[in-house]
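Chemist: One letter stands for each residue in the lines below.
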Amino acid sequence: MKRIYFNEKYCMACRLCEIACLVAHSKSKKIIKAYKEEYPFLKPRLIIEEKGHVSFAIQCRHCKDAPCVTACVSGAMHRHKSGEIIHNEKKCVGCWMCVMVCPFGVIIRDLKGKKVVAKCDLCSDLGQPACVDACPNAALVYGEDKDNEK
Amino acid sequence: MKRMLYSPDYLVTRDPEKCIQCEVCVRQCAFNAHTYDAEKHRVDTDCSKCVGCFRCVYMCPTGALSVSEFSGRMANSANWTDKQLKELYKQAETGGVLLTGMGTDKKYKIIWDHILLDAAQVTNPSIDPLREPMELRTYLGGKPLSIEVKENKRKVSLPGADISGRFSITTELPQQLELKTPILFSAMSYGAISFNASKALASAAEECGIYYNTGEGGLHKDLYRYSKNTIVQVASGRFGVDTEYLNSCAAVEIKIGQGAKPGIGGHLPGEKVTDEISMARMIPKGTDALSPAPHHDIYSIEDLSQLIYAIKEATEYKKPVSVKIAAVHNVAAIASGIVRAGADIVAIDGIRGGTGAAPTRTRDNVGIPIELAISAVDTRMREEGIRNRASIIAAGGFRNSADVVKAIALGADAVYIGTAALISMGCHLCQKCYTGKCNWGIATQDPYLVKRLNSEIACRRLVNLILAWSLEIKEIMGGMGINSIESLRGNRLRLRGFDLHENELKILGIKPAGESL
Numbered sequence: 001m002k003r004i005y006f007n008e009k010y011c012m013a014c015r016l017c018e019i020a021c022l023v024a025h026s027k028s029k030k031i032i033k034a035y036k037e038e039y040p041f042l043k044p045r046l047i048i049e050e051k052g053h054v055s056f057a058i059q060c061r062h063c064k065d066a067p068c069v070t071a072c073v074s075g076a077m078h079r080h081k082s083g084e085i086i087h088n089e090k091k092c093v094g095c096w097m098c099v100m101v102c103p104f105g106v107i108i109r110d111l112k113g114k115k116v117v118a119k120c121d122l123c124s125d126l127g128q129p130a131c132v133d134a135c136p137n138a139a140l141v142y143g144e145d146k147d148n149e150k
Numbered sequence: 001m002k003r004m005l006y007s008p009d010y011l012v013t014r015d016p017e018k019c020i021q022c023e024v025c026v027r028q029c030a031f032n033a034h035t036y037d038a039e040k041h042r043v044d045t046d047c048s049k050c051v052g053c054f055r056c057v058y059m060c061p062t063g064a065l066s067v068s069e070f071s072g073r074m075a076n077s078a079n080w081t082d083k084q085l086k087e088l089y090k091q092a093e094t095g096g097v098l099l100t101g102m103g104t105d106k107k108y109k110i111i112w113d114h115i116l117l118d119a120a121q122v123t124n125p126s127i128d129p130l131r132e133p134m135e136l137r138t139y140l141g142g143k144p145l146s147i148e149v150k151e152n153k154r155k156v157s158l159p160g161a162d163i164s165g166r167f168s169i170t171t172e173l174p175q176q177l178e179l180k181t182p183i184l185f186s187a188m189s190y191g192a193i194s195f196n197a198s199k200a201l202a203s204a205a206e207e208c209g210i211y212y213n214t215g216e217g218g219l220h221k222d223l224y225r226y227s228k229n230t231i232v233q234v235a236s237g238r239f240g241v242d243t244e245y246l247n248s249c250a251a252v253e254i255k256i257g258q259g260a261k262p263g264i265g266g267h268l269p270g271e272k273v274t275d276e277i278s279m280a281r282m283i284p285k286g287t288d289a290l291s292p293a294p295h296h297d298i299y300s301i302e303d304l305s306q307l308i309y310a311i312k313e314a315t316e317y318k319k320p321v322s323v324k325i326a327a328v329h330n331v332a333a334i335a336s337g338i339v340r341a342g343a344d345i346v347a348i349d350g351i352r353g354g355t356g357a358a359p360t361r362t363r364d365n366v367g368i369p370i371e372l373a374i375s376a377v378d379t380r381m382r383e384e385g386i387r388n389r390a391s392i393i394a395a396g397g398f399r400n401s402a403d404v405v406k407a408i409a410l411g412a413d414a415v416y417i418g419t420a421a422l423i424s425m426g427c428h429l430c431q432k433c434y435t436g437k438c439n440w441g442i443a444t445q446d447p448y449l450v451k452r453l454n455s456e457i458a459c460r461r462l463v464n465l466i467l468a469w470s471l472e473i474k475e476i477m478g479g480m481g482i483n484s485i486e487s488l489r490g491n492r493l494r495l496r497g498f499d500l501h502e503n504e505l506k507i508l509g510i511k512p513a514g515e516s517l
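Heads up: the sequence lines are chains B and H, in that order. The letter at position 34 of the first sequence is residue 34 when you use the working numbering, and the numbering goes up by one with no holes. The letter at position 502 of the second sequence is residue 502 when you use the working numbering, and the numbering goes up by one with no holes.
Calculated directly from the structure, the hints in this document are not laboratory data. Careful, some of the hints might be misleading.
What the hints assert, rightly or not - Heads up, simulated DSSO-like pairs for lysine-lysine below, C-alpha to C-alpha not over 27 Å straight-line:
no.	chain 1	residue 1	chain 2	residue 2
1	H	Lys18	B	Lys30
2	H	Lys107	H	Lys511
3	H	Lys18	B	Lys29
4	B	Lys43	B	Lys33
5	B	Lys91	B	Lys64
6	B	Lys43	H	Lys18
7	H	Lys272	B	Lys51
8	H	Lys437	B	Lys27
9	H	Lys180	H	Lys318
10	H	Lys40	B	Lys36
11	H	Lys437	H	Lys83
12	H	Lys40	B	Lys33
13	H	Lys180	B	Lys9
14	B	Lys9	H	Lys285
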């Protein structure tokens, strides 16, 4: 399966990926409308780590051995047959165990309805993840799986 | 708040309907023109800090920003323009020399735009470069005055022998630089530009089969692998020069002068001398890197000759030696001296040449246009019968492939492009290189800013630029009915001057438009 890889050498912490993610997961999919009308209840599904001049954007790694799937009590967090980890909002009970066990801290509490979580879905409806599309410096790359990736 | 006597240079307009307070502009401006007010949840802009680099306009995800020239005129005078007034106010405030970057922005006549190219019609056929081979390959270096041939006793099939194998050329060709297209990247030092920018130039040069120039900043250890496409520079500061450096290149260039600042040395401030730069330049970290105005061991052509031969000895006569000078009033005589001193290549940098930092007055007023310098030098070298002994590289403000074609027709062998290369990487010509705060990640060493230039993206853009220009050169040559760049070189009969003064035509050695052969 294809994954998103980051290259911290070229990440400049502009946060355009965050904006694109937020818009791609908004109701209207329109940037100005999403920000002006839906914003406080929207959360981007990636996080940007910054320390000094080093920064990178990280989103769900879609781990091969995914602790969130094991931890999920309701089966909402499951592996799709193509390999990526998908979250089914309808089944989610909001126990947030997945948030607790995620080793990367990239499963984010969704503030809109208190029980569900928000996590990267690789923008399955767009073809290419919105964050990768938005990155002006190719610091996010969408590419085929590297073999030894966890 | 401190009152300024002058108005800002630029007006930044923010459309409140479109601004989503995402703070991308705030994070992108190294000059702190944009600030976020958390209390009001609003982004404010201080126009007086804007340098007009257009980084925020490019990055804004909603297109809420626009930057325009500040239109309020202070004095309605043709002589005392706003620019003059601002410079006076700034000097009155600081008591300092005005600094600037890039090539001159002063409104000089651009002679390229007054030279017209010829095309073939009826009496000689034009050539379609898509159907027929076109040769852009260029060899830089001294060429022998004559060729000696010996008759072989037996038939041989060695290089240098003719098809029948009966004759061989005995003349030895001096070392040549082979270029796939007559364009090189001009000298930009690691220090003046970021590592990523240097790397992009180096890898693009490798991919295009041309050369980049290290400038006087030494050679970073990671760039040694591009040595086949590197011209290393030896300048008055002698930064980073040792035998390894001199032998890790295709050619060595002695830098005497630079078009943007003839007669002036260089100064890389200590805060830009990071660990990596101190290693490349071989100077202590944090110390100012000062290049003296003259080479302290060169006060005559004979002294220059000593340095040329010292370098040739150090490189075992395997590398051509180039000498770069600024185009000044006496450029033809100086170039002639340089050739006689033993240089294989003379590089001439015209008044519109760029820089990372130069005093504004020098940049805008010293030197002569490259168009006149090329023809003056070429004419002089032909008259003296030494044109074959060295190649001429022209530099200084080449904007497009037509300028390159015209320069070659005037007598240059190849051209250096610097500003055009930087622009292709993203430079927006804000002329603030000397501040070290380049928002495009080019002319900076700030770890937050250098990351903004992805060397792979920049390399691809440079390669595209060289490719596009090469195609255009072929196209223009084809139109003239010329299939080899060699037949264009010094072919001033294919140029005509339009709207040029008689004296300019005389120096350029071209006829006015409308006059036939």
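Chemist: Against each hint, give a clear statement of whether it holds in the structure.
Modeler: Hint check:
no. : hint                : verdict
1   : H:Lys18 x B:Lys30   : holds, 11 Å
2   : H:Lys107 x H:Lys511 : holds, 25 Å
3   : H:Lys18 x B:Lys29   : holds, 15 Å
4   : B:Lys43 x B:Lys33   : holds, 15 Å
5   : B:Lys91 x B:Lys64   : holds, 22 Å
6   : B:Lys43 x H:Lys18   : holds, 20 Å
7   : H:Lys272 x B:Lys51  : holds, 22 Å
8   : H:Lys437 x B:Lys27  : violated, 39 Å
9   : H:Lys180 x H:Lys318 : holds, 20 Å
10  : H:Lys40 x B:Lys36   : holds, 15 Å
11  : H:Lys437 x H:Lys83  : holds, 22 Å
12  : H:Lys40 x B:Lys33   : holds, 19 Å
13  : H:Lys180 x B:Lys9   : violated, 32 Å
14  : B:Lys9 x H:Lys285   : holds, 23 Å
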